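Enquirer: Protein sequences, first through last, are from chains L and E. The numbering of the first sequence is our numbering, which starts it at 988 and goes up by one. The numbering of the second sequence is our numbering, which starts it at 5 and goes up by one.
Source of the hints: derived by calculation from the structure; they are not laboratory data. Some hints here could point you the wrong way.
[What the hints assert, rightly or not] Partial chain E-side listing against chain L, Cβ under 7 angstroms, derived: (1) L20; (2) G54; (3) M98; (4) L100; (5) A130; (6) L132; (7) M154; (8) G170; (9) A250; (10) F254.
Keep in mind it's a predicted model, so treat the numbers as computed, not measured. Backbone N, C-alpha and C define an ideal beta-carbon position, used for all residues, glycine too.
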Amino acid sequence: MGLKQRLVPYWLLGPGLLWLVLFFLVPMYFMGELALRSGTLTTGFTFDWAWANFPDSLSGHAEQIVRSFFYAGTATVLALLISYPLAYAIAFRAGRFKLLLLFAVIAPFFTTYLIRTIAWKTILSDSSPVVSVLQTLSLVPPDGRVLATSGAVIAGLTYNFLPFMVLPLYANLERLDLRLIEAAKDLYSSSHTAFLRVTLPLTMPGIVAGVLLTFIPAFGDYINALVLGGTQQAMIGNVIQSLYLTQRDYPEAAALSFLMMALILAIVVVYIRFAGTGAFMGDEEEAT
Amino acid sequence: MAGLSRGWKWLRRNALPIYACLAVAYMLIPIVVIAVFSFGATPKGKLTFGLDHGFTTEYWSSAFSLPDLNEALMTSLRLAALSTAISTAIGTMMALALVRHRFHGRRAANLLIVIPMATPEVVIGASLLSMFIYYSFALGFTTLLIAHVMFSISFVVVVVRSRLIGFDRHLEEAAADLGATPFATFRTVTLPLLAPGILAAALLAFALSIDDFVISNFNSGTTVTFPLYVFGVALRGIPVQVNVLATMLFALIAVAVCLVLWQQRRAERMAAVRPEREAAPIPAPAS
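If we strip away everything but chain L, and leave its shape as in the complex, we get (with noise of 0.2 angstroms):
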């Protein structure tokens, strides 16, 4: 191969990595150096290698952390129990209705994800005919709402991040060897046993990159908190947001979302090390 042919991948690369490079990685830069900085916004801010605003940004936010591992944890394995379910019957049972099951599926990506938690908004506001129903069940107090309480907030997040669960969980299933789960029971497996000990097993990449493809913007998302929560229910996400763009405590700000990259990267980074980029590639050719 000639070395003008052996260049082609390379120009083909060029310039969206380029674009990711100079967009993506030498941003991630920047926010490094703007941590490191201290100051205030009429001084200005001076790099002095002020490594105290790494602990003091964790220190200063733990409740909105922990809330946002608890809120994104909880959305997380609702969306996996409400997802598996329905994965599973678009793979198997859907026959010739399974397009239109997955359009549906996708479909709530066609209006603006603001738009949508906002109308969330109107169905758990305090008149809304959903939140008599819980108050007859004593789900919720007689004089109790929806709005603005956790679980107003972790329902707006399992909602919004639902798809994401789906979709990879339905493309591991749709691919899972039925003949399979066919032996299993000709060797006198239960349904039950067949599911647990075959089905499960071979659909745990899917579950895998489902839990991480919801988990991390769940993690980070700060709109349901702002839309559906109160003050009480502040994430880390509305913490950056606010810093950045209302308090303009820069250097903190920076820290705060260095670390979450951090740890994001550490556990996608851990992921692919076992998986592969396939996963999220949609497809196992990587998968090693």
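Chain E: place on chain L using the hints.
Expert: Structure of chain E alone, referenced to chain L:
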């Protein structure tokens, strides 16, 4: 009693499809709410939490009567169109390189494409803003475009790539055997076969751009997109026209998705015929 147990049996057998329908209904609830409330009459023209005032088509006929909202929507459409064009072009090229070529640094390239998808939007927005602050770069349409192209590229690569992996290269070889130049082969064979994948990717990039609030909020300066407009007026009351436009956008994208799906299925059906033909016995040469 017998009827009851039969009913129970039926329920058990169909529990999964019934559950799927309920779950899908749940997915669609907010969309229905948005559409229904776009017809809700309210005294001040702002969204309320009830439908006590009955229904009206007033806001549909005055959908484009709010100059600020129109401007925000136009900005969003322009931004989405540009960012879709750029990200689809460079993303498709990247997908071609990754599937068709083996080269040094392939793993690193893959990683650089995957990680942005797994990064929380807040972090992407914050890091870009950090860089723009460092260079005192004026925030506005340009910074929005940079950001939107950036977060769309990875998704374009993933979609086009999945299409390329199932690609039958015999067709390209056939074109080359028939004397087509590499460029002519690309233009007349590769591109048309890839078209559904590229179209799907473009649609996704468009939807991502129109939808984005978090990253835009960090990098917009005084430029206002559709989601930023909604956020800005949320405290004072959202005009009902927002729901009208959101419903229109939904319908537009839904129709586009249906067209892409239909085209993809047609392409698949065409591709699916081929193996049978290949398997057919080759007629013995008449000699």
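Enquirer: Does each hint hold? Answer for all of them.
Expert: Checked hints:
Nearest Cβ of chain L to the Cβ of E:L20: about 5 angstroms, under the 7 angstroms cut. The hint holds. Below 7 angstroms, beta-carbon pairs count as interface contacts, and E:G54 has one with chain L at about 6 angstroms; its hint therefore holds. Nearest Cβ of chain L to the Cβ of E:M98: about 4 angstroms, under the 7 angstroms cut. The hint holds. Restraint check, E:L100 versus chain L: the minimum CB separation of about 5 angstroms is within 7 angstroms; hint holds.
With its C-beta approaching chain L no nearer than about 4 angstroms, E:A130 sits inside the 7 angstroms limit, and its interface hint holds. Checking E:L132 against chain L: minimum C-beta separation of about 5 angstroms stays under 7 angstroms; hint holds. Annotation: E:M154 was flagged as interfacial toward chain L, and the flag holds, the nearest CB pair being 4 angstroms apart, inside 7 angstroms. At its closest, the beta carbon of E:G170 sits 10 angstroms from a beta carbon of chain L; the interface hint therefore is violated under the 7 angstroms criterion.
Restraint check, E:A250 versus chain L: the minimum CB separation of about 5 angstroms is within 7 angstroms; hint holds. Interface restraint check: E:F254 against chain L, minimum CB-CB distance 5 angstroms, threshold 7 angstroms, status holds.
When each numbered hint is compared with the structure, a violation occurs for hint 8 only.
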